[in-house]
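Residue numbering for the sequence shown follows this note's numbering, starting at 767 and increasing by one per position.
Source of the hints: derived by calculation from the structure; they are not laboratory data.
Because the structure is a prediction, the values reported are computed rather than measured.
Hints should not be assumed to be uniformly reliable.
If you anchor each label on the Cβ, the simulated ranges turn out as follows [claimed, not checked]: (1) A826 to A791: 24 to 32 Å; (2) G781 to A819: 34 to 42 Å; (3) A826 to G796: 17 to 25 Å; (4) R783 to A822: 15 to 23 Å; (5) A826 to H797: 17 to 25 Å; (6) A825 to I769: 15 to 23 Å; (7) Q784 to D806: 14 to 22 Å.
Positions of the beta carbon are idealized from the N, C-alpha and C atoms, including for glycine.
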Amino acid sequence: MRILHIDTGRAWRGGQRQAFLLSRAQREAGHEPLVVATPDSQLLRRARAARLAVSAVPAAK
Numbered sequence: 767m768r769i770l771h772i773d774t775g776r777a778w779r780g781g782q783r784q785a786f787l788l789s790r791a792q793r794e795a796g797h798e799p800l801v802v803a804t805p806d807s808q809l810l811r812r813a814r815a816a817r818l819a820v821s822a823v824p825a826a827k
């Protein structure tokens with residue numbers, strides 16, 4: 767199953783942590799999660815470090 771997680775927050779808070787943990791667990795279960803976040807976000811940095819599929823998309827501040 768392909769799963770899309772979209773987050774526009776730049777800080778590392780509960781929602782970003784949840785998206786990160788869910789994405790890792792989904793990948794381990796054989797799914798294909800994609801994390802979409804702003805280029806300067808902590809979520810994007812951590813997802814890249816964990817070798818998750820990511821896409822950086824600018825969002826209004």
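Run the structure past the numbered hints and jot down the numbers of the failing ones, going up.
Result: hints 2, 3, 5 break, sorted rising.
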